[in-house]
Amino acid sequence: MASVALTNLDPASRAAARGWSDLTIRNMFIIPTLVFLIVFNIFPLIYSLGYSFTNFAANRSEPWQFVGLQNYRELLTDDHIWSNFVITAKYVIVSVAGQMIVGFGLALLLNRSFPMKGLITTLLLLPMMMSAAVVGLFWQLLYSPSWGPINYVFGLGDFAWLSNPDSALYAVAITDIWMWSPFVMLLSLAGLSAVPQHLYEAAAIDRASWWYTFTRITLPLVSPILLIALIFRTMEAFKTFDIAYTMTTQPTAELIAIRLYKQAFQQWDTGKSCALAYIVLIMVLAITNLYVKYLNKVKER
Amino acid sequence: MRKIVTSVIAGIGLALACGTSVRAQDKELTIFWAEWDPANYLQELVNDYTAETGVKVTVQTTPWPDFQTKAFTEFNAHGDAYDMVVGDSQWLGAGSTQGHYVDLTDFFNQHKLTDVMAPATIKYYAEYPGGSGKYWAIPLEGDAIGWSYRKDWFEDPKEKEAFKAKYGYDLDVPKTYTQLRDIAEFFHRPDQKRYGVAIYTDNSYDAMAMGVESAIFSYGGDLGDYATYKVDGITNSKQAAAGLDMYKELYKFTPPGWGKTFFVEDNQAITGGLAAMSMNFFAFFPPLVNKATNPYADVTGFFANPAGPDGKRFAALGGQGISVVSYSKNKDEAMKFLEWFIKDETQKKWAELGGYTCSQAVLKSEAFQNATPYNKAFYDTMFMVKDFWATPEYAEVLDQLNQNIYPFVVGGKGTAQEALDKTAADWKATFTKYNRYK
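Note that the protein sequences, when read in sequence, are chains B and R. Those letters in the first sequence? Residues 1 to 301, per the working numbering, in order. Those letters in the second sequence? Residues 1 to 438, per the working numbering, in order.
If you're looking for bench data, these hints aren't it; they were derived computationally from the structure. Everything hinted at is true.
In silico SDA-like pairs for lysine to any residue, Cα to Cα no more than 20 Å straight-line:
#1 R:166 x R:252
#2 R:422 x B:75
#3 R:252 x R:192
#4 R:428 x B:55
#5 R:70 x B:246
I would like the entire structure built from these sequences, with the hints used as guidance.
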């Protein structure tokens with residue numbers, strides 16, 4: 001079927017001179033990618049599923065045993081793990097909501113013409129282009145109660161953002177909002193600029209209020225692309241590791257990815273780590289699926 | 001097409017073949033260690049070896065938080081990237097039982113190293129299991145927890161007078177933890193941006209555990225019976241809880257935001273003029289006596305970990321031994337290097353460069369003890385050290401300790417007894433899982 005869609009080779013081309021058909025060329029492009037995907041993605045995925053049912057530990061030479069669902073049972077009844085999930089959920093909600101509000105707000109502000117618009121948009125995109133570890137280390141300095149500018153500017157005195165068990169998680173979320181709002185802004189901006197101008201003109205003639213225009217025209221037309229931003233950011237926030245790991249060691253800010261890292265690469269509990277990774281994967285898939293369902297519904301409208 | 005593929009494969013093959021043969025000719029050795037000053041001193045030291053023998057020795061480093069992960073990733077993959085590794089004392093269990101380290105028992109006996117190196121360094125950096133007479137590493141860098149303090153604050157007559165009036169005894173270098181606490185409280189003046197004490201609180205690896213265990217050991221507590229793995233009633237003894245309580249008490253007098261601190265922050269507490277006293281491993285003291293890195297270098301003093309209420313006095317052991325990696329292709333060359341390393345003149349040079357030698361002869365020499373303001377305190381400390389678990393599952397055990405004590409010390413949740421009861425229960429479950437109670 002696919003070959004039907006392909007256009008025929010130009011008989012004068014070098015490929016044709018070598019006797020390659022368009023099918024050969026298609027395969028040459030696709031097969032390396034497929035092989036790469038299978039070897040480095042799909043195979044480890046299946047292999048680790050197998051490991052998740054064993055007590056295999058990568059740092060031990062003793063043979064491993066099949067333990068059935070024991071790893072899953074232990075993980076799902078472990079209070080520590082549940083508290084990690086609760087922490088992660090809080091983090092995802094705060095950081096994604098913050099990014100959506102800040103990002104969409106910025107996009108609304110930028111969606112008009114004013115001097116140096118291009119430069120300002122580019123500058124606003126900078127945080128997203130930095131390495132997360134660098135962002136984490138810089139924000140650690142910004143939050144420092146002894147010499148950090150944040151407490152100085154807001155007059156918070158000695159408030160220890162990252163050492164206070166109650167604020168550490170939110171401090172990390174704020175950093176994440178700073179870093180990733182530009183991503184939401186960029187997508188929203190694309191969505192906003194695609195809204196046909198004549199709708200606004202018609203609304204203006206009808207003397208529709210700003211709020212009415214926003215809720216009846218802007219939001220419905222931008223929502224599919226906003227939902228895509230939401231899906232991406234939720235998945236990413238769920239997997240956050242680097243920023244949180246570099247910024248704080250508070251147990252109250254220990255996201256599930258950090259727990260997974262500790263279990264896999266500090267304690268070398270490989271079997272159990274694989275099981276935990278699968279639990280996380282299933283959760284992310286479930287959440288994403290809900291979004292995608294909703295996205296399709298929105299698109300139908 | 002086939003021709004091209006064949007020639008590419010042949011080319012790769014040739015390149016690989018050349019690569020290995022070049023390496024064999026040049027004789028290179030790679031030592032893996034963490035990124036800190038002693039690693040630079042070691043590189044300086046081994047340059048002499050290169051000059052003598054023509055064997056190029058490189059000291060490769062990685063930041064502390066990744067050190068354990070990176071080393072064990074390489075071990076588990078049976079990789080030969082490192083010929084020798086200067087590993088933490090806690091790694092001995094995993095290194096020896098999992099076959100990552102070469103057995104150095106014969107080497108030890110042949111060179112009578114038990115008489116050459118300080119006893120504590122052999123017990124904790126080299127021998128596993130404890131008392132077995134089997135050795136896996138040569139003590140390389142001795143280290144333990146010690147303290148630096150602001151001499152000018154301590155010696156100020158006005159402060160001395162005010163201290164005596166408040167506490168009824170003279171302000172001096174603390175001899176007990178209670179005195180340490182009083183002094184910390186006395187100098188804790190947040191309104192003047194001056195704080196009492198800087199301690200370790202980072203729970204991502206062993207920093208906090210080292211600080212806490214120093215207090216627990218001095219209070220007469222223990223982390224468990226390392227031979228029988230018994231933890232009930234030992235890990236959570238009254239003495240251990242009292243030690244942990246004292247650590248929590250000291251946390252009250254730390255600078256603000258002291259929730260993820262290790263050697264960098266604790267030295268900054270002194271160089272930034274923040275704290276009166278600061279805990280740190282001796283290996284991190286050299287920058288404190290250097291005017292370029294510490295504006296208060298002239299007025300910084302050092303003391304050994306104070307005693308607990310019953311006069312017991314211990315300090316957590318840091319430091320590392322050097323082991324030969326069993327997957328190395330240059331094991332013979334590595335053994336030759338070790339023979340050079342244990343020579344008296346090498347050890348002397350090592351100490352002169354700033355390394356903390358474990359050689360008894362050098363440690364006892366007047367020249368060593370007077371070389372720096374902290375060498376005497378180091379010498380005293382090396383005869384009162386105790387270490388953490390060195391069992392192969394130590395990483396799990398360490399994580400469980402961190403999970404239970406961090407919320408208590410930094411977060412103020414629960415009591416010391418509860419934190420240690422939970423730790424003992426977690427440890428018992430872990431040791432049961434690994435069949436330690438046979």
